[in-house]
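Chemist: Letter by letter, the chains look like this.
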Amino acid sequence: MTAPQPNPDETKNEATMIASILAGQTQLFHELIRPHERAVYRMALSYMKNEADAEDVAQEAFLKAFRNLSTFRAEAKFSTWLISITLNEARNRLRRNATMPTDSIDATPEEGGTVTPALLRDWREVPSEALERAEVKQMLQRAVASLPEIYRCVFVLRDMEDLSVNETAEALCISVPSVKVRLHRARLMLQKQLVPELKSVSTTKRRWFSWS
Amino acid sequence: MVIECKHVWDYISDYLDGTLSAEERETVQRHLEHCELCSAILDSTRNVIILTADDRVFELPAGFSDRLHARLDEELLNSNSS
Numbered sequence: 001m002t003a004p005q006p007n008p009d010e011t012k013n014e015a016t017m018i019a020s021i022l023a024g025q026t027q028l029f030h031e032l033i034r035p036h037e038r039a040v041y042r043m044a045l046s047y048m049k050n051e052a053d054a055e056d057v058a059q060e061a062f063l064k065a066f067r068n069l070s071t072f073r074a075e076a077k078f079s080t081w082l083i084s085i086t087l088n089e090a091r092n093r094l095r096r097n098a099t100m101p102t103d104s105i106d107a108t109p110e111e112g113g114t115v116t117p118a119l120l121r122d123w124r125e126v127p128s129e130a131l132e133r134a135e136v137k138q139m140l141q142r143a144v145a146s147l148p149e150i151y152r153c154v155f156v157l158r159d160m161e162d163l164s165v166n167e168t169a170e171a172l173c174i175s176v177p178s179v180k181v182r183l184h185r186a187r188l189m190l191q192k193q194l195v196p197e198l199k200s201v202s203t204t205k206r207r208w209f210s211w212s
Numbered sequence: 001m002v003i004e005c006k007h008v009w010d011y012i013s014d015y016l017d018g019t020l021s022a023e024e025r026e027t028v029q030r031h032l033e034h035c036e037l038c039s040a041i042l043d044s045t046r047n048v049i050i051l052t053a054d055d056r057v058f059e060l061p062a063g064f065s066d067r068l069h070a071r072l073d074e075e076l077l078n079s080n081s082s
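Chains as they are written, first to last, in my numbering: chain E, 1 to 212; chain V, 1 to 82.
Since the hints were derived computationally from the structure, they do not count as laboratory data. Incorrect hints may have been included.
Using 20 Å as the maximum straight-line C-alpha spacing, the simulated PhoX-like pairs for lysine-lysine come out as follows [as the list claims (entries may be wrong)]:
id: 1; chain 1: E; residue 1: K180; chain 2: E; residue 2: K49
id: 2; chain 1: E; residue 1: K64; chain 2: V; residue 2: K6
id: 3; chain 1: E; residue 1: K12; chain 2: E; residue 2: K77
id: 4; chain 1: E; residue 1: K180; chain 2: V; residue 2: K6
Counterexamples of contact, computed for chain V against chain E with all Cβ distances above 10 Å [to be verified]:
id: 5; residue: I3
id: 6; residue: E4
id: 7; residue: S21
id: 8; residue: R25
id: 9; residue: Q29
id: 10; residue: H31
id: 11; residue: L32
id: 12; residue: E33
id: 13; residue: H34
id: 14; residue: I49
Going by beta-carbon spacing under 10 Å, a handful of chain V positions derived as facing chain E [said to hold, decoys possible]:
id: 15; residue: V2
id: 16; residue: W9
id: 17; residue: D10
id: 18; residue: D14
id: 19; residue: L16
id: 20; residue: S39
id: 21; residue: A40
id: 22; residue: L42
id: 23; residue: S44
id: 24; residue: T45
id: 25; residue: F58
id: 26; residue: P61
id: 27; residue: R67
id: 28; residue: D73
id: 29; residue: E75
Where is the CB? At the ideal position from N, CA and C, for every residue including glycine.
Okay, chain E solo, but in the shape it has when bound (with noise of 0.2 Å):
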């Protein structure tokens, strides 16, 4: 649950493939943008929430990535900027489709009252294998994508891609003690909302428990 570190090669890479991408050498985007697939197309889905719109919205980001690389500054890391970028792509595209509520950052309330986590006396792990179910997967997607967007977004980040607070901070532009108390409650908003789900799917198959 802990963030790895930046590797330094990959860094140096990535500068290097930008700055022959700049000079002319244009193939090299396929390459350079390879390890970033999932994590932008998870980005875009927990926001546009069906798998045609995420794919538009990443695709689209990875086009203006490439119309917008002179601008990219060496400083920042290069998948940072990528998420920025889908993220944009997602609310704007959000903000279009009027048919889709969104939540607004500012309306939101921000970081008041605490999340009561879902009560309990005993936790049985659910294993991996569970996730072979597409019922079990389609729970975690649901509840994933009905976290309000401000929790939703560090959630993904933190959680998911595994980017570190910091990196979290200047990928959605807020304080460093923001990603924190905002992804303590939406590990909390999860736990409450998924814990009586995969209990009760838990109780009612037993298969995947065969060894309790």
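Guided by the hints, dock chain V onto chain E, whose structure is given.
Modeler: Positioned in the frame of chain E, the structure of chain V alone reads:
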């Protein structure tokens, strides 16, 4: 120092990330040793985070990469010819 359950919940996230001070960690740990409720909340939160972060939850749709790179190719060709 003895703390109540609801104060322990405030520390869950930092506890999982290993960012509590030595003293706070010790206090939380001592509480967890005798509190089934907080132990179950901690374990279930950790479990939920691990499951949600698993790559299988939000998989790339089939053909995603091919479609993306085909679209990029069009863009790259245009940029080279312009």
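Chemist: All the hints need checking, so say for each whether the structure fits it.
Modeler: Hints, one by one, checked against the model:
Between K180/E and K49/E, the direct Cα distance comes to roughly 25 Å. Violation of the 20 Å bound is thereby established for this hinted pair. At roughly 46 Å between alpha-carbon atoms, K64/E and K6/V are farther apart than 20 Å, so this suggested pair is violated. The hinted pair formed by K12/E and K77/E meets the criterion: a straight-line CA distance of about 11 Å does not exceed 20 Å. Our distance criterion of 20 Å between C-alpha atoms is met by K180/E and K6/V, whose separation comes to about 18 Å.
The beta carbon of I3/V is kept farther than 10 Å from every beta carbon of chain E, the shortest such distance being approximately 15 Å. In this structure E4/V is separated from chain E by more than 10 Å, as the shortest Cβ-Cβ distance comes to about 13 Å. The non-interface label for S21/V is consistent with chain E: the shortest C-beta to C-beta separation is roughly 14 Å, beyond 10 Å. Listed as a non-interface residue, R25/V keeps its Cβ farther than 10 Å from every Cβ of chain E; the least gap is roughly 14 Å.
Annotated as non-interface, Q29/V keeps its C-beta farther than 10 Å from every C-beta of chain E; the closest such distance is 16 Å. For H31/V, the shortest C-beta to C-beta distance to chain E comes to about 15 Å, beyond the 10 Å cut-off, and the non-interface label holds. L32/V, annotated as away from the interface, keeps every beta carbon of chain E farther than 10 Å; the closest lies near 13 Å. Residue-level check passed: E33/V sits 15 Å from the nearest beta carbon of chain E, beyond 10 Å.
Interface exclusion of H34/V from chain E stands, the closest Cβ pair being 13 Å apart, more than 10 Å. The claim that I49/V lies off the interface is violated: its Cβ sits roughly 5 Å from the closest Cβ of chain E, which falls inside the 10 Å cut-off. Checking V2/V against chain E by beta carbon gives a least distance of about 20 Å; that is not within 10 Å, so the hint is violated. Taken as an interface hint, W9/V checks out: its beta carbon lies about 6 Å from the nearest beta carbon of chain E, inside 10 Å.
With 10 Å as the threshold, the beta carbon of D10/V comes within range of chain E, its nearest partner Cβ sitting at about 7 Å, so the hint holds. Look at D14/V: its Cβ gets to within about 7 Å of chain E, closer than 10 Å, so that hint holds up. Taking 10 Å as the C-beta cut-off, the interface hint given for L16/V holds, the closest approach to chain E being about 5 Å. For S39/V, the interface hint holds, since its Cβ comes within 10 Å of a Cβ in chain E; the closest pair sits about 8 Å apart.
Look at A40/V: its Cβ gets to within about 4 Å of chain E, closer than 10 Å, so that hint holds up. About 9 Å separates the beta-carbon of L42/V from the nearest beta-carbon of chain E, less than 10 Å, and the hint is met. The restraint placing S44/V at the interface with chain E holds, with a minimum CB-CB distance near 4 Å, inside the 10 Å limit. Evaluation of the T45/V hint against chain E yields a held restraint, the C-beta minimum of about 4 Å falling below 10 Å.
Because the closest C-beta pair between F58/V and chain E is about 5 Å apart, less than 10 Å, the hint holds. The interface hint given for P61/V holds, since its Cβ lies 5 Å from the closest Cβ of chain E, which is under the 10 Å cut-off. Because the beta carbon of R67/V sits about 7 Å from the nearest beta carbon in chain E, less than 10 Å, this interface hint is met. Checking D73/V against chain E by beta carbon gives a least distance of about 8 Å; that is within 10 Å, so the hint holds.
For the restraint placing E75/V at the interface with chain E, the shortest Cβ-Cβ distance is roughly 6 Å, inside the 10 Å limit, so the hint holds.
Checked against the numbered hints listed earlier, the structure breaks hints 1, 2, 14 and 15; every other hint is satisfied.
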